Each structure stands twice: as structure tokens, then as C-alpha cells.
Amino acid sequence: MSATVYTHRWLLASFVRRELGTRYAGSVSGAAWALLHPLALLAVYAFIFTTVFRVQLPLGAGGASYTAFAAVMLWPWIMFSEGVTRGMESIQSNAGLIRKVAFPHALLVYAAVVSSFAVHALGFVAVLVVLAVLGEPVHLVRAPLTLAFLVPLAIAAVGVAAVLAALQTLLKDVGQVVSIGLTVLFYGTPILYPLAFVPDSMRPWMAANPLTGMAERLREVLLTGGGLVPGDLWLWVIALAVAWAGLRFFERLSPHFEDFL
Amino acid sequence: MSRPFSRVTPVAADADASVLVALEGVGKDYPKVSAGGDRLRTLWGLLAGHADIPRFRALQGVSASVRRGESLGLVGENGAGKSTLLKIIAGVVKPSAGSVRVAGRIGALLELGSGFHPEYTGRENIYLAAALMGLSRRETREKVDAIIAFADIGQHIEEPIKHYSSGMAVRLGFAVATALTPDILITDEVLAVGDESFQKKCIRWLERYLGDGGTLLPCSHSMYHVQTLCSRAMWLHEGAVRLDGDSFDVTREYLTYHEEKGRGEKPAPRAAEGLVPLIRAMRVERADGTALEVLSAGDDMVLQGLAWSPDGRAPVLLFGIVRADGTPVYGAHSNDDGFEPLRVDEHHFAFSAHFPAPGLLPGKYAVRVHALDPEGLRLFDTQERQIVVTGRTRDYGLVRLAHSWKAGTLRPGAAGTP
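Residue numbers (our numbering), protein chains in the order written: chain A, 16 to 276; chain B, 1100 to 1517.
These aren't lab readings, by the way, just hints derived from the structure by calculation. Nothing here was measured: the structure is a model prediction, and the numbers come from that model. One should not assume that every hint holds.
Claimed, not checked - Listed below are the simulated BS3-like cross-link pairs for lysine-lysine, each with C-alpha atoms no more than 27 angstroms apart in a straight line:
{"hint": "1", "chain 1": "B", "residue 1": "Lys1261", "chain 2": "B", "residue 2": "Lys1242"}
{"hint": "2", "chain 1": "B", "residue 1": "Lys1193", "chain 2": "B", "residue 2": "Lys1242"}
{"hint": "3", "chain 1": "B", "residue 1": "Lys1360", "chain 2": "A", "residue 2": "Lys187"}
{"hint": "4", "chain 1": "B", "residue 1": "Lys1360", "chain 2": "B", "residue 2": "Lys1463"}
{"hint": "5", "chain 1": "B", "residue 1": "Lys1193", "chain 2": "A", "residue 2": "Lys187"}
{"hint": "6", "chain 1": "B", "residue 1": "Lys1300", "chain 2": "B", "residue 2": "Lys1261"}
Next up, chain B with everything else stripped away, as it sits in the complex:
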């Protein structure tokens, strides 16, 4: 499946000239100032230039470089340092460690309605915001109509910003940023606010901007936006870089992390030996019998198991595949499928389940096998193996369902059309 937006691949050769942002071991400490004495001590420390003031570490050891035409998306939990890093690149925050080099004009949309004055009308705020980005009055006057057209908020443009909804303020902010076509555009979670049609407009604009060689540095909780707009992604965790790489790989790892974090359910404890049916051995392998831990799209998967029965009667077996967060994907009983395991000796039964190209979407999964009594009523034992499914796809959900697209049969005016 190809991605819907054109993306410019960075040129590997003649590297340094095209580097727009270079971060070297960037760290940021915020002074802890609760009591008045702390404030005085901090003031003294800053003036004298020494560092022994109480601090809170927001960011440490972040190194990265972004080339022209490349887009780097920041992902991470709340408080991971994404906004701080974007502010450092935008020049709003001074890093306490490391160096930041930025070439080119930056347009920064940090949070909602950056730089807008609430008492002023939208139109007046356009002039102020444009001046903040370095435009003269005359240059702004030439662009103001295009900005108002892009924001598309109708008569509200003549009303004070304080009467705007957050969505309208963002539309205006984004419209000003578009008029400037900066070399680097920094957006801190702003795409999530506009309504559907404005988001589409923004995405279309960003697509053209990126196509023309623009560089985007977004921070977003929408993995969809990161995947579609960015070639690279960086996962910040507790102020440090946890992963930096291809946006698909990084977002997948990040989502998996959340799946595991959100998992409440623990596998059942091992049943008592010798009295009840047990799973003695289990392994996940490929069609050729080699062990399988990473499954690529299209690979076959085979589940091999050895069950033990206390009384020599064949136990009922149940396999189940769950996503790392515990969401069940699929499971089936051996007796429902009419399967009898192979008796190996008096107590042991061998079985296997075959999954030709199982169609699991990328992520981490657990494959489980359970031993039930011969009636298939009580579950006694569970064994589990982890597998990782890799691949690139923008499909939604857990599994890929077989489907195909064809020309439709509906026509205008037919039943079922509005």
C-alpha cells in the first residue's frame, strides 16, 4: 500500500549544507522556584553564572539533525519533553546544555493561538503575528487577504480573538504561518484542533509545502499524522531519546509500548503438577520448523505443542492470539474443529496448529495454548509465547481481512443514496 502523500527523501551526499537543524547533546533544566529564597538564590546563580540552583530536568542528551526537505515527527507521552524540545529549536527556550544550530527561517506554531492578543480582532492580530515573524507592515498588507481566505472564519475576522473558539484561533495561526512559507515549520499538536475540512486543507497545504522541499517538525499524538507527514520520527521518553528512525518503525514501537503499559491481564498461574491436564511444551515456528519470533507479512506460522493428561484421555486444546495489550484477536477449541491430538505415549499428546499467512497487523502479540479437561469445560493450564509482527501498512485494526476493490453498482438516484 503506498502512502497518499508525496515525501521527499533526504539527499545523503553533500550533507552538511542541507542540515537545517543540528542538535548536540541538548538538555534543559528548569529551575525549581517555589519559595522566595529559592528565587533569590536562582537570580544570584544566573547572574554569577554558576549552576548550583535547584533544578528539574526536562530534557537531556538529545542529539539529532534534520536536513532540508526531511520531516521529523516527535512522539512521546505527556511530559516527555516534546514541547520543550520544539521550543528550544524555535529559539523560545535556551537549552541548559548542548548546542543548537538552526539555519533558515522558522515558523513556529507552539500551542494554540501563539502570539495573539485576546482584546484584538483577528485582522489586527494578523499584523502582530506577522511582525513577530519578521514581516513589515507593507509585506503583511499584501498577504493579509490570502491569510484571511485561508483561515476562512468569515466575519469573525473583525471580532476580538477572545471570542474565538480554540479551533478558530488555530485556523488563524496556521493561516499566518502558511503565508510566510518558512524553511522550517514547527507545529506543536495544532493539527488536532481544527475541524475535519480545515484539517484536510492543512494537510493539503503541508503536502505541497513538503513537496516543495519544506521541512516540518511536528509533535503529535496522532500516529496517523506522524506517519503520513514525516519520514522520520523521534520518540522522547522522560526527557531522553528512546528511539529515532523511520516514522513507521518508531510509531509502531511507541504504540506497542502503550499497549503493554495498558495491559492489565496477567496469564493464569501454572496449574498444579500431576493432577490436571498440562501443556508440557510449546513452540512457535515457521513452516520449515525453525523458531519464529518475528513474523513478516506473508510468512506462515505454525504452533507446536505437547500436552500431558493425568488419566490418558486426550485433553481439549485451545489456542488464542492476543495483542500485547490483552485485546483478543482470535481463538479456537480443538474439539469444535474436530481435532484429536496425536497420542505419543500414555500421557503425552502432540498437536500443532497451522496459520497460512495469518494476516496479523504489525505489533506485538502473545500466542497462547491452553489445556482443558477432555470435556472441554474447565481450563487448567496456559503457555504463552511472544511474537512480533513487522511490516508497513496503514491498515486499521488487528488483522487484515481478505478484500478487493471493484467498480461499484450503485448509481445516483438509486435506493440507498441520500
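In isolation and in its complexed conformation, chain A is listed as follows:
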């Protein structure tokens, strides 16, 4: 994988540029949309959970407001779900290219994931800074440590997106299933609520989802100023395994993509 990326770095750069360009260059307000979508979601969730349901966060949240609490995992989730969705569509939406030019098809998946992560990482930083300025207990010095979580998240997204892209190319109707699956995963991950709110009997099930541990750890690092622990390496192990398996599956089918597009 790394060899492919290195040999074709100019092509990958070109694809990423194109991904970013097609999404924002054509529209009037440009990159503002990248920030606007998660901000709108955050506003809606904050309204529902603080004004309608009047949720009281447990003390472990370091005194942060619900908005700051939800924001910490909302942006990584959006990076992941958008990366997976766009990666899944990347083969089919570049059918014209695949039918006419020979290049490693996985580059399209990488570009989709990388561009989604890059765009929302910028939004994430902006939101964290604004929250800190507004007096939320956001530990900005700890922000670089989030890379230890976001990079494996991106690697895992590549693996998942690769499998889905291959399936989508051959079967066409994977998109519907995936959008349901992502919704279930979104609410099944403690993004909008702390794990402590989940009944004890359900917690082992929730903990089986690697994103659960990641959400908890991200909040520890950013909101209470915790450092990294050896257990965080598990995220890397899982992410690399997912990416390895996903790309193997993808490469097995990728020579046949042209037959189906």
C-alpha cells in the first residue's frame, strides 16, 4: 500500500485536489460548507439534548458543556462516515477514468478518505479553538495528541471504504444498506451521550465497538487533559487489520471493475 502511494504520489495529490475542488470550488460559499454541516448538526443536537431533554453530564466530563462534549466526537465521526461514504462511491463515480486509464484503483479510495479527513480536521480545529475561547475546558495543548486517534480512524476508514467500494461496483445497491448501517453505528456509539448513561447490561456490547473506546479516550484527552496510554495502541492494531483485510478484498476484485462499470 505504501509503495503504491509513494510511486503514485502525484496522482494521489491530483485526486485529492480534485476531490476537494469538486466539492467546494464549484459552489459559491466554497469551503464554508465543510464547517457548516457539522455545525448545524451540533446546534440541533445541543438544542435537543440540553433544552428539550435537559441532559446533565456526569462529573467525569471535566465541567464541559454538552455542546463541547458532543463536539469532541462529532467531528471525528463525520470524518469517518463521510470518508467511508465517499470512498465507497469513488470507484463508481470515476467509471469514465477506470474504463480508459490504467492506474491503481485504490488511489481513488485513498483520495476520498484523505480529503474527507482533511476538510473536517480543519473544521475540528476551528471548533475546538472557538470552544476554548468561549471558556470551555478544552485542552488545546492536547490537540496534537488527537492525531493518535484520528490517523488510525482514517486507516480503518480506508479499509471499510475499500470493501464497500468493491461491493458497490459489483452489486450497485450497497449504498442503501450502508446509509442505514452508518445511522445505527452513529447512535450506537457514545457520541452524543457518555458511556456511563448506558445500562450496565448493554455496556459490553457497546464496548465491542472500537469507536466507543475512542470516543471516551478523545474526551479524556481533550476535555480533562489526559495523556496517551498504551491501550491506545489497540486502535492502531485494529485499524491496520481492517485496512489490510479491506484492501486485500479490494485488490482481489479491482482487476474486474472495468467489466462491471
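Take the given structure of chain A and dock chain B to it, following the hints.
Frame of chain A, contents of chain B only:
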């Protein structure tokens, strides 16, 4: 007549080092996927690696090798597998059977505007297309001016490709390919799209490219392009190689095939025996009396015939030469030419027609003899023989007309000049 473009003859000795493309029994099956169940079964088959999935055969058993400096043109009907074969060589399609070995950098222009993004300007697309061909940003930046100059589409270079005409997109695509000077250039019917002056520019570029030892693999419906640019041609028919050889021979056979396919007219049925004039025997021969089936340029042709007349009066005879597709070339009546056939016995008349170096252009022809009544009004019988005319020429039409080129008498400003 010599060909206008220099062509490099392949070096026969120390063969294998110079082979750029080697195809061994290449075949391609496309999966048939119409229903959803088919798709699932196909996916399963591909993952498990077994082959029992519904398939459509696009190509089978194609073997060929192309050496450096040699050019191989692909000809064939629509759906014969030309594009599939070019895509296999370009690495876009994985063959389902056989092996493909390619050495050197490939530049592929498969269909119009390969790899262009419609929302992007021409200039931005140059960077993308160059990256697809493996160039870095800096290398591209060095070449971008030359590419834009070659494409010569003026201010359109700053407009999105979606506003381009198909011709402009091809110009840009070709311009990018030229900047890379690949070892092998694959073009799928792209030369036909540009306008006259751009085609000339492309041909000039290709001529220099070939002269410098480049290798061209075009697919074209223009026999002119195949003949002028390629030393070899391969005729694909229903996914298999029908003929592989010298480009002139292959294109001639291919054109003949089309002539025969397009022929609607059938020779008239044999007339009733014993009541009307008939042609009893007919033969096409050389000046020395030997049978003639293949006529080379410069050979003489003689038509020998024996007519039968029911009442002993000499019938009027008519010969005609038609191309294999039925296009008449020439015909003449014996009575118009003032010829009386030789009476052999009471009913039989012998005749012959002599054609000194008939000047027919290469192709398949039918030579026919008809028997008419003595008044030359009603046609009763027809006999036909096929001949093949061989030779190499780029002349157009059916026959070579006697002509010669000389210095002209027109001068600038004279009547008749614009």
C-alpha cells in the same frame, strides 16, 4: 508510388530484446450481469476464483508481438474486439485468458478525452492527465506550455472541458500524449475526430515519432491512416484474429470483405437451354493462354468465350467487369465495337476480348460475359469468373487512368486563381 511517411522496418535479428508487446492466446470474457442474482453469483465466483459465471466472449486466442519501431494497426468491424484488445494492452482491462507482456511506457488515448474531468478547465485537466501518466507536478509545469501550444485551442484552455467540442477534447488529449513521448502510443480511433489542420499536425508528429523509433498501436476505420502509419495490420473478426500481416495486404482483404458483404446484386439465373443464345464456355487467361485468377499490375488479361446460338445467327456479346461489391467498372457490346464472333460450327461462335494491362486497382472483381439476341436488345445468358488484382498502391477509385505530372502553366494573378 512511394509512401509519403518514413517507416522504420523492424530489425529481425536479436529479436526478444526489442519486443515491446507480447500477447499469447489473449482472451477476454465479460460477465453477463443483468439480474441481481447474477451479480451476487459473479461476485462469489470472482472471490472464490472459479469460472462458472455467465459470460460474454469479446476476444479469444489473440497472439501477436510488436517490436520497437514497428506499428501495428487494428482493423475490424464494430464489436470485433479492437478496443478491448487495446485496453488489455494499455492495462485497463485484465484478460481472462492468455498472457500479456508489455515493456516500456505506454501512452493510451482510449476514446475521446480520456481521463478528463468535465468540471475542470483544460489547464487543470492537463495536470490531472499528466499525473495519470506518471508525471510529477513540476515535470508537468515544464511541459504545460508546449502542451497548450500543441492543442492550439486558444482561450478555451481556461474553460471547463464540458464546454469543449469533442474535437477540442481530443486535441487536448493528443497534446498531453505528445508531451510524454511514450514508448508505445495507443490510439483508439482518435485521429478521425480533429479537423483537417489538426489531423495534419498529428500525422506530422506521428511521422516524427515513428521516425525516432516510436511504436504506434492505432485502431482505425480509416484504411488510409492504417496504410500510411503502420507497417503491419491485424484484422480482428468476432473477437479473433482473421489476418495479421503487411498493412496493405490486410487492409485490402478487409475492404474486399466489406465489398462482398455489401453486394446485393446476384448474377442472373441460367437461361433455358436450347431456345435462346447461351454462353457455353468462358475462361479468363493470360496472354500466353494459361488460366488467370490473380492479376498483378502490368499483366495482360484475355477473356475467351464460346457462345451458342439456337438459329445459327451470331449473337451479340457483352462483357462487363464489376468490383466484388457490384460496382460496375466497364462493359462494352460486341456490335458497338464492330466485332463478329468466329463461327466454329452451325451453332457455336468463339470470341475473345483482350485487355492489355487493364489498370484495375487491387481488389476482387468479377468478369462477366453475356449473350444477347442478334439485334443486341435482349440479354439471355450470363457467365462470371472471379479474379483478384494484387499490387500496392494508394491510388483511389476503380482503375488507374493514364496520366502524367508536369510543370503547370498557371501563374499568380492569372485567370482562375482566387
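Evaluated hints:
no. : hint                   : verdict
1   : B:Lys1261 to B:Lys1242 : holds, 23 angstroms
2   : B:Lys1193 to B:Lys1242 : violated, 32 angstroms
3   : B:Lys1360 to A:Lys187  : violated, 41 angstroms
4   : B:Lys1360 to B:Lys1463 : holds, 12 angstroms
5   : B:Lys1193 to A:Lys187  : holds, 21 angstroms
6   : B:Lys1300 to B:Lys1261 : holds, 24 angstroms
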